[in-house]
Amino acid sequence: MQYTLIALVEDKPGVLNRVASLFRRRNFNIESLAVGRTEKTGVSRMTIVTNCENDIDAHKIEANLYKLVNVIDVQDVTRQPSVTRDLALIKVKATPEQRSEINNLAAIFRARIVDVAPDSVIVEATGTEDKIEGMVELLRPIGIMEMVRTGQVAMTRGEHSGIRRNPGANGNGWHPEEYASAGAD
Amino acid sequence: MKKTGAEILWECVVREGVEVVFGYPGGANMPIYDAMLSYPVHHVLVRHEQGAAHMADGYARASGKVGMAMATSGPGATNLVTGIATAMMDSSPIVCITGQVHAHLIGGDAFQETDVTGITLPITKHNYLVTHADEIAEVVAEAFYIARSGRPGPVLIDICKNAQIEVVEFSYPEEVKLPGYQPPSHAPKADLKQALELIRKARRPVVLAGQGILMSGAEEVTQQFAVKTNTPVAMTLLGLGAFPASHELSLGMMGMHGEAHSNLAIQNADLLLAFGMRFDDRVTGTLNTYAPGAKIIHIDIDPSEIHKNVKVDVPLVGDLKTVLTDLLPMLDEYDHPEWMQQIGEWKAEGDARSIMSWPEDGKLHVSHLVHALWEATGGGAIVTTDVGQHQMWTAQYYFLEKPKRWLSSGGAGTMGFGLPSAIGAWLANNNEEVWTVVGDGGFQMTQAELATAVQEGANVKIAIMNNNFLGMVRQWQEFFFEKRYSAVNMPTPDFVKIAEAHGIPGRLVTSPDEVQEAIAFARATPGPVLLEFRVVQEEAVYPMVPAGAALDEMLRRPVRAQAEKE
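Chains G and B, in that order, give the protein sequences. Quick note, in the numbering used here, the first sequence goes up one by one and the last residue is 328. Quick note, in the numbering used here, the second sequence goes up one by one and the last residue is 670.
Be aware that one or more of the hints could be misleading.
Part of the chain G face toward chain B, derived, beta carbon under 8 angstroms [unchecked claim]:
#1 Glu153
#2 Arg168
#3 Val178
#4 Arg180
#5 Lys183
#6 Asn197
#7 Ile199
#8 His202
#9 Ala206
#10 Val212
#11 Ile215
It is worth saying that the hints were derived from the structure and are not from the lab. Ideal Cβ placement from N, Cα and C applies to all residues, glycine included.
Kindly generate the complete structure, drawing on both the sequences and the hints.
Structure (structure tokens):
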């Protein structure tokens, strides 16, 4: 099953390498990894999509991420109400006669043509992974020349947040009142 | 106050309580070595950087303080790698400072440039590349804090040469700010209640005592727990010393070469209480049949250890001493007479097979030698080992009553650990008796440190168990490769002469009647002494759980009456 994890990390050199190295070292499998800046300076956000057999394996990944000193917070948003998006740029072989067909297809998927060349067009599509897969299948017979995708990014809806299975992560999953004595040293 | 980066390093390191540094100078750390002369630290010049890392590790394990090692860039730094990996596997707090080429040369394959932070990334708890002097104070404070807190481990700081030379304003960071690093302390109350319920229901409980007890300083509270709940305690290799060997609830060591009654108790338990241990394959045997009837409570400070190898029923993530201190007043007293009787029977059966009960045959057996050493030292010495048969025999027969006196490379299984770690342990505890028990193979890997022992006047006694074999590999070839010996027969040099060449008194011991006198000679002679024992060449460590077998499917030494018949 696919799990989607969000990790907030310190924006320092080598942090991406630490995360990637961890996945290699522990033999975890990354489906996609998207990194970018956040609303806070000095904090980057990673959306990691990974294949795990069960929650225990997902816990292992979270716990190992949490162990990295530069990782501030890890949440599992797999089963939480959330918005996930993937962005694709698809260069399709297109004679001038085919452009309208491609344009119609794109419209159905709320995608748009962002570049037109004499014998090709670039389609930009945003959406869930499924939606983009669907569109790619329809464009394939026409002739896909190149494709690039960002990988998924995810955000929970409203006041929902992801599941934090580890203590101490950003102080968020850490509810002192539930602990034997408050004011952990 | 303006200072050079190198001075700032020493200002901070001294404030962290460092008194001894193990290292080796070179082109890329010369400013650090120059600045060192003005600071109150004792530098131990090693003969190979691997020795420096093992000495820092031995220093840390014996003292509970952070050990510090230094090396120059390139080969100096890569020579540390085996020692760092050893410290990582055994959660030993060391800080390694390596020199790096000028920041502007990085990436250009400059002379002695190696990507040291890249190489050590998976074998350190954390590492740093410092390119400017103004980063040093903060990084050093963080490094020592990370090394010793939570689950301890090695931290490496790679400092560019320009950062060592630059002059900047120095102010000591009074607190460390690490938003992503908050080691847990207490475990949730709800989880404690679940644990209490399992403890209440248990009829055949066993405590699995790991090195986490020593790291957390939980020896006393572990004993209180065991006594209050009448629970026997089995120890991992690195957990030895966490619970007194002579205690009636002690089961001794568990695992591949653990006591048979200890493994049988685990396999027949209905509750395992794992205290700061990680279910390594050497203590579980095959996981498919591990402790089939047992519920498991796992207390560990590292959440990534939970469910890693064995799925547990109640994880208690927190500092072991804190968690047990929280748990203890909630506990009722229990008694498990039938369980203790059953274990007693298994133990009696094991004693009948013990090599200690075999008659004297005029040959030197390592187990007998370790026993003689234990008797002579009253069980009170700090003992370090290399890796292999002698390590297992020492673990089995040097019965430890106190913590932090058993230094052995467990997780990494690093040959060559014995001598340097003993020197490190002695530098941490000048007044203690320190012995290293090594094999002829492992000793030769780091025997260059004999010169360091002499230079430091280290009161370290070396007992080489020479069987002219790489004994453990030989044993595996005997058992599992139809005795086809491949690259295990090892001609050895005259170790006594090697000792003498270093100015170290040495003795060769070939018969049992010389043993006591030789040990007495070593103990009475100040400074390093080397004893070479020519031991039985082909002897196997028993019991043995073959790789991939269940924990109770042990190869056992035949009982004495049977053996005599054959």
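Against the structure, the hints come out as follows:
1. At a threshold of 8 angstroms, the smallest CB-CB gap from Glu153 of chain G to chain B is about 6 angstroms, leaving the interface hint in force.
2. Because the closest C-beta pair between Arg168 of chain G and chain B is about 5 angstroms apart, less than 8 angstroms, the hint holds.
3. The closest approach between the C-beta of Val178 of chain G and any C-beta of chain B is roughly 16 angstroms, which is over the 8 angstroms cut-off, so the hint fails.
4. The beta carbon of Arg180 of chain G is not positioned within 8 angstroms of any beta carbon in chain B (closest approach about 17 angstroms), and the interface hint is therefore violated.
5. Hint status for Lys183 of chain G relative to chain B: violated, with the closest Cβ pair at about 10 angstroms, above 8 angstroms.
6. Among the interface hints, the one on Asn197 of chain G is violated; its C-beta lies about 10 angstroms from the nearest C-beta in chain B, farther than the 8 angstroms criterion.
7. Residue-level restraint check for Ile199 of chain G holds (minimum Cβ-Cβ distance to chain B is 5 angstroms; threshold 8 angstroms).
8. This hint holds: His202 of chain G has a C-beta 6 angstroms from the nearest C-beta of chain B, less than the 8 angstroms allowed.
9. Because the closest C-beta pair between Ala206 of chain G and chain B is about 4 angstroms apart, less than 8 angstroms, the hint holds.
10. The restraint placing Val212 of chain G at the interface with chain B holds, with a minimum CB-CB distance near 5 angstroms, inside the 8 angstroms limit.
11. Interface restraint check: Ile215 of chain G against chain B, minimum CB-CB distance 4 angstroms, threshold 8 angstroms, status holds.
The structure fails hints 3, 4, 5, 6 (numbered hints given earlier, in ascending order).
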